[in-house]
Amino acid sequence: MRIACLLVPDLPLHAELRASPELQGFPLAITNGPGSRAEILSISHEAFSQGVRVGQTLPQARTVCPRIEARTASPVLMKAAREAMLDVGLSMAPRAELAEPSSGLFLSEGAVYVDASGTQALYGSEGTLASILHARAERAGIRGVVAIASSRSMTRLVARHLAHGLHSATAPTEILSPEAELAFLAPLPIDLLDPDDRTAQALTRFGIHCIQDLLRLSRRDLAARLGPGLLSLVAKARGEESELPLAEPRITSLEEAIDLEAPIGNLEPLAFICRGLLSRLIERLTLRALGCIELRLALQLENGALESRRIGVASPSQDERVLLRLLRLAVESKPPPAAIDRVTLICEGVALRLEQLDLFLPRGPSANELDQTLAELSAICGAERVGSPEVVDDHRPDAFALKPFAKRKPRSKTQTRSHQAPPSPRRGLHLALRALRPPLRAEVRLERGRPVFARSTMSQGRILESAGPWRTTGHWWSKASHFATDHYDVQMSDGNILRLCFDWRMKRWVIDGLYD
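Per the numbering used here, the sequence shown starts with residue 1, numbered consecutively.
These are calculated hints, taken from the structure and not from any lab test.
Hints are supplied without guarantee of correctness; some may be wrong.
[Stated by the list, open to error] Taking lysine to aspartate or glutamate pairs in the DMTMM-like style, the calculated list, with each CA pair at most 25 Å apart, reads: (1) K334 <-> E248; (2) K507 <-> E447; (3) K334 <-> E283; (4) K79 <-> E302; (5) K79 <-> E283; (6) K79 <-> E248.
Small disclaimer: the values here were computed from a predicted structure and weren't measured.
Turn these sequences into a full structure, and let the hints steer you where they fit.
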């Protein structure tokens with residue numbers, strides 16, 4: 001088995017730079033908390049070149065670099081950066097997984113393992129795979145090193161060694177054959193194995209400073225003197241740890257979030273923040289060849305409440321302009337009631353598929369444009385007023401409800417014209433009733449209990465023919481929803497065919513339909 005490891009030694013730094021690219025090129029330090037006593041976790045190359053070092057406090061760093069910018073490490077940004085690393089790995093191979101977070105000297109590092117077995121047919125060589133993986137990570141805003149070896153533990157040790165020379169001219173990739181692994185690791189310091197403090201002190205007392213010193217000793221003697229827990233370090237140094245095969249992730253839900261330095265209460269700053277979150281999500285969707293089918297916006301308010309929005313997309317899309325427009329319309333239609341502390345944007349991705357167009361029919365409108373139009377109508381009229389009508393289970397003849405438009409499904413490859421039923425022959429024209437909402441008020445004259453004349457804004461004149469009445473009643477048990485109506489179909493002298501309705505509760509005539 002061959003494993004590639006993408007390792008980022010300064011993950012808090014790159015997580016911050018992904019969210020704030022305007023800080024690129026400036027001396028920047030990421031601290032483990034607020035206040036003057038907080039220690040620096042990671043620094044940019046510009047800060048390193050001016051004498052700032054990891055472990056210093058912020059006042060100490062300002063003595064050597066007065067212009068240094070400082071940010072507190074953000075858990076939500078680091079989580080998003082780790083997931084972005086996984087997306088980079090999945091763009092190279094179908095199996096990849098995040099490494100467990102480290103502690104101690106390697107608290108700030110993040111790593112992802114990628115299955116490199118059998119990739120020569122796709123990339124030509126392992127060296128090419130490592131170079132492409134490194135380049136894609138840099139394009140995603142994550143600068144690290146790439147190593148390829150025969151196990152997870154071995155490739156991570158090699159990557160940690162490369163990371164020490166990241167500020168120098170050392171090559172960012174390393175490929176080790178199984179025969180060369182032990183010889184490469186032998187002179188490396190024992191700290192790369194990340195032992196706990198007690199074990200590290202014990203190894204120092206015995207004069208063990210490099211991996212070669214550890215491997216020379218008998219395992220039985222080491223276990224007797226330092227405890228059986230040390231055997232796991234020996235197995236890690238030899239690459240003999242028992243490891244399960246890399247998993248193939250099934251999760252296609254991507255998330256980006258940001259904690260705001262100060263609460264915001266206006267829509268314009270919120271739109272600017274959403275643009276940055278969405279831009280990073282689009283980059284990750286592109287890496288995994290996914291399209292966004294649904295967006296979920298979660299707003300953590302200053303008063304502790306949580307506001308959520310769910311925005312559906314007509315078809316899988318990577319169009320940032322369309323998705324941003326949908327987000328903006330969703331927020332404008334229902335602004336948050338209080339200032340916002342945190343913004344979280346979750347994107348549900350599905351695989352992009354090409355749809356076969358019809359050879360003889362013109363191309364229809366884009367599904368994304370249709371979705372944007374529906375979102376604009378919802379923002380203007382209200383979401384409850386936009387949709388497709390459906391019949392409801394009710395005795396009222398004009399009762400209906402609106403449901404969201406169904407997602408358009410691509411035509412199956414097996415569905416051909418030969419499987420479709422032939423069109424039925426037309427047997428003449430039929431009248432269709434067009435409901436008028438709201439109904440039009442009308443004045444009606446009766447003779448012997450039947451309408452003979454009607455006047456309204458739509459039609460006026462004598463009634464030549466009439467049919468009815470058809471009486472409909474219901475909900476007699478409720479004063480608010482009780483209804484009782486008589487309907488007539490009438491032909492007017494001016495040529496119109498109308499449906500007259502007399503409401504017994506309101507004691508009035510209306511025209512609630514037109515036959516055409």
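Each hint tested on the structure:
Taken as a hint, the K334 and E248 pair is broken in the structure, with Cα atoms around 39 Å apart against an allowance of 25 Å. For the hint pairing K507 with E447, the CA-to-CA distance comes to about 17 Å; that is within 25 Å, so the pair holds. Restraint check: the Cα-Cα separation between K334 and E283 comes to about 28 Å, which exceeds 25 Å; the hinted pair is violated. At roughly 22 Å between alpha-carbon atoms, K79 and E302 fall within 25 Å of each other, so this suggested pair holds.
With a CA separation close to 16 Å, the supplied pair K79 and E283 stays within the 25 Å bound. Note on K79 and E248: the hinted pairing holds, with a Cα-Cα distance of about 20 Å set against a maximum of 25 Å.
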